[in-house]
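J.: Whenever a hint applies, use it, and build me the whole structure from the sequences.
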Amino acid sequence: MARIFDGILYLVIILLSLSVHECMHAYVAYRFGDPTGKLMGRISLNPINHISLVGTILFPLILIILRLPVFGWANPVPVNPAYLRHPKKDMMWISLAGPLSNIGLALIFFFILIFLTLFFKWVPIFLIAHISEETPSAGTIALPVKGLSLFLYYGIIVNLLLAFFNLLPIPPLDGSNVLYRFLPYPLSAKYRMLQPYGFFILLILLYLGVISFLLRIFLIPIQDFMLRFLLEL
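Residue numbers for the sequence shown, in this note's numbering: 1 to 233.
Please note: incorrect hints may appear among the correct ones.
Listed next, the in silico PhoX-like pairs over lysine-lysine satisfying Cα-Cα at most 25 Å (straight line) [claimed, not checked]:
(1) Lys190 <-> Lys88
(2) Lys89 <-> Lys146
(3) Lys38 <-> Lys121
(4) Lys38 <-> Lys190
(5) Lys146 <-> Lys121
In case anyone wonders, no lab produced these hints; they're calculated from the structure.
T.: Following this line, the structure appears as structure tokens:
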């Protein structure tokens, strides 16, 4: 039952985080003059409007099979460069809007968790107990607050994973548009030719352990800092 509960929380967080990610892509594109995403209903937090068969379902399943941190992507928001005043520069900011929204969401969850910790000193104890699979020693914990604290913790981790993953400079991930912004024309055109092979490049990097290694370097220090900070409150 505990694993089912964790799985449901994780699924809700992933759907929410991906929806915010894609919604911000569509919103920033609209602000830069492209109404395509808005007309397709992508300025929305409804997960149904954003689900991708590959990124939201297939890719996370592969990660679960490989026993790696679960993350992915949603159906990309279409952007028509013809509407943009400065296509290359505007595309960079439209692409950054998604990962930055995930970082912002992680910070919001962290501040709420700080607030809970100030009033319920056992919250970080529960989180550490959950990670180490030991029994909490802080007495009986109300299930709603227990679920909320775990929801917030997953929210932080998942959103940081999504931000980091999507900033990788592998087409069609957001990081590729950031790198594309600074490449000279002949090189940028060749770089764009990698886009149809991006998914297979990701699978190879996963198989070789490159992405897992980078995630550990990125995520573990942040996780340690977060838990130490909460314990000192």
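J.: Give a verdict on every hint.
T.: Evaluated hints:
1. A distance of roughly 15 Å separates the Cα atoms of Lys190 and Lys88; the hinted pair therefore holds under the 25 Å criterion.
2. Distance check on the hinted pair: Lys89 and Lys146 sit about 44 Å apart at the alpha-carbon level, beyond 25 Å; violated.
3. With a CA separation close to 44 Å, the supplied pair Lys38 and Lys121 exceeds the 25 Å bound.
4. Between Lys38 and Lys190, the direct Cα distance comes to roughly 31 Å. Violation of the 25 Å bound is thereby established for this hinted pair.
5. For the hint pairing Lys146 with Lys121, the CA-to-CA distance comes to about 12 Å; that is within 25 Å, so the pair holds.
Of the numbered hints stated above, those contradicted by the structure are hints 2, 3, 4, listed in ascending order.
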